[in-house]
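**Student:** These are the residues of each chain, in order.
Number of protein chains: 2
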Amino acid sequence: MAKIAILGFGNIGSGVLEVLRRNAASVAVRAGQPVEVKYILDVRDFSASPDAKLFVKTIDQILSDDEVSLVVETIGGTRFAYPYVKACLESGRSVCSSNKELVATHGAELIALARKKGCAFLFEASVGGGTPLLTPMHQSLAADVICEVQGIVNGTTNFMLTRMEKDGFDFDAALKLAQDLGYAETVDPGDDVDGRDAARKVAILASLAGGRHIYPQNVPARGIRGVTPADMAAAREMNCAIKLIAWAKRGADGAFAAGVEPMLVPLSSQLAGCSDVYNAILIKGEMLGDVLFYGKGAGKLPTASAVVADVIEALKKGAQVHDTLYWREEAPLEGFLTDSEPAAYYVRIKALPMADAARIYGACEVLNNVQDEMTLLLAGMTAADLAAAEQQVQAAGGQVALTLKKLNG
Amino acid sequence: MAKIAILGFGNIGSGVLEVLRRNAASVAVRAGQPVEVKYILDVRDFSASPDAKLFVKTIDQILSDDEVSLVVETIGGTRFAYPYVKACLESGRSVCSSNKELVATHGAELIALARKKGCAFLFEASVGGGTPLLTPMHQSLAADVICEVQGIVNGTTNFMLTRMEKDGFDFDAALKLAQDLGYAETVDPGDDVDGRDAARKVAILASLAGGRHIYPQNVPARGIRGVTPADMAAAREMNCAIKLIAWAKRGADGAFAAGVEPMLVPLSSQLAGCSDVYNAILIKGEMLGDVLFYGKGAGKLPTASAVVADVIEALKKGAQVHDTLYWREEAPLEGFLTDSEPAAYYVRIKALPMADAARIYGACEVLNNVQDEMTLLLAGMTAADLAAAEQQVQAAGGQVALTLKKLNG
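Line by line, the protein sequences are chains R and U. For the first sequence, counting from 1, position 313 maps to 313 in our numbering; every step adds exactly one. For the second sequence, counting from 1, position 215 maps to 1215 in our numbering; every step adds exactly one.
Okay, derived cross-link-like pairs now, EDC-like style, lysine to aspartate or glutamate, Cα gap no bigger than 16 angstroms in a straight line: (1) U:K1300 to R:D290; (2) R:K317 to U:D1323; (3) U:K1300 to R:E286; (4) R:K38 to R:D51; (5) R:K86 to R:D60; (6) R:K117 to R:D323; (7) R:K300 to U:E1286; (8) R:K284 to R:E148; (9) U:K1003 to U:E1036; (10) R:K249 to R:E341; (11) R:K300 to U:D1290; (12) U:K1317 to R:D323; (13) R:K249 to R:D339; (14) U:K1038 to U:D1065; (15) U:K1086 to U:E1101; (16) R:K53 to R:E36; (17) R:K38 to R:D60; (18) U:K1117 to U:D1323.
Derived by calculation from the structure, the hints in this document are not laboratory data.
The following block holds chain R by itself, in its conformation from the complex (with noise of 0.2 angstroms):
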């Protein structure tokens, strides 16, 4: 019998109960053990739960109880979790949490303090909901070299692009319909739309690619405010939709570069079927080519039954499991990572002449100019490049309202 706790009993831990219990005959086969919750920890109160009983209000009950061998974090944010965390892998007992923030900021520490100490840190739960992917990446890709991911992460954003593409929205109804639904913050959609929280995920992504620890602070990443039914229809125009895209590549050195920007996606592409909330990771593979993953990236039971598959992984194996799954640490960058290669972009610009345009962009296509406002076609630019013009642009007095790379398959 394995005693657990459950760290934080909102959406994701709530289920982590749901599912340990409704699958209660089949997890104790697989993890080889019955597995029990013993305690909760939450602050608020839940005295009137079938429960009750099983609610603490501090790390410490649970720290001081050596029949707890596991602990499921689903607390969110740094704050709490990164110090209760740290607590338990020092004390020997796995960890198995859902919380990108805290895997993208304190990854790589947590899992060398969990090698350290004999036991496993895993976060399947944290990128990809409960979409199979650092599992595959980690183990089933373990011959390969991984050189590239592309991917939505962000289901919120993929909603609300689909309801523009689809239905005609602009921004701000789209933005209004995520938040009736749920999906979208109402006082500060900021982490989805500015592309926050996809830049934590790559982050994550990246690092265990790459092998290294990159924080998300240094993934640049721009987000969807600037998207218009306008452009949406240029898009489809060249067979294209729009996706906010969360990218890492290795560059010939080893090192990855990472970033999180919306793109021009061809429809082609398995990416622009990606619809709705729904999350598509591309990962290509030396030996490999492209495989992708396609799943809900969010909600309450496909979460949380990520985070019970983690719960029996970590049991059988414990810290045997970052044999694979790892990356070390290193110093966060000063500023950003950026991409060298060149690639085709689709500017939106308000406010410039054309002969600006001309001398600042050299020769490109024009695919609208109308009243105050200009869309140009951009071949083999690069991202500093680009950075450049645009202080161009703004010197000169005109204002770049849309910047869309074009997703190269």
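With chain R's structure known, arrange chain U on it following the hints.
**Tutor:** Relative to chain R, chain U alone:
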């Protein structure tokens, strides 16, 4: 240092050697020890190979060397592979195989033998080539119950259907191209085009999902020989693609039904977007909802890298892997598994008077009725209804030229 043997030095077997050598350093880190190929069993003459000294002609030379702890089987078929693999497992050596026929026919027995002898029998590469599929199914979905699998698991027929759809090829021209490119067998392409290869693969998926061995001979399989350019056009008008779908689903009693048949796949389905030689497999979990795995279903290095990932897994976990990767033995059934749920069908019938069609099929939509041929869209028929109707068609002098089930997403 782990010393291993490779049985069969064809396309996949030589790929395994190549992957082990090219990625030797990372394989060693992940496996916890270097992996060296000590023997290659192949009856052909490799005396001119730079690895000539590794080749042996009998399995006994491998079995009698205690240093060999693991064996890779890439012979294919069952005539030699079955007794060799059995002997290796009997001796306590783990086996990693890419052989779908072996697993579909003897999987339960070989898994049971591996467990008994404390070693591992792994076969990720047997379905989906290099695409991680079986490992996520048994491991990442360990906390869930799989209720349905729908997949494009045969790259050759998917390539042919893509050419028919996009380039207007008929069946014969598509087959010829597939043969010219080396995708289809030149002498007897029946394994691919008649669905037998897909039946073996879905037998493996259904066995793993349902926990009981399902034999390929019990999986009803219809191939793509009857599909014409006119059917492609009719499908397109219904916003569908025609795909050869291997499916398996859990019945009310927990037992799985399975089948292989050409289907009308709505363009909104992720499966419709899977073209050319790619495979795509949709797994429906009770908790998780839909998850899709997509990648190249064949190819030397992709498949070999999946075999090498299994080698790493076997070296690290041994028999423990079978806590989640297993199904129990069952005697083969008499006859075929069938699906009792009704579905919509597209049927194309030759030489049947309309009056007979109305009598046999009742109210149905007539899509086309020209010369000696009609196409009907039937709603709510079971497989048994459909078979009974087909007998009546034959009794009335007609002939059912093609049947396409409509996939329900």
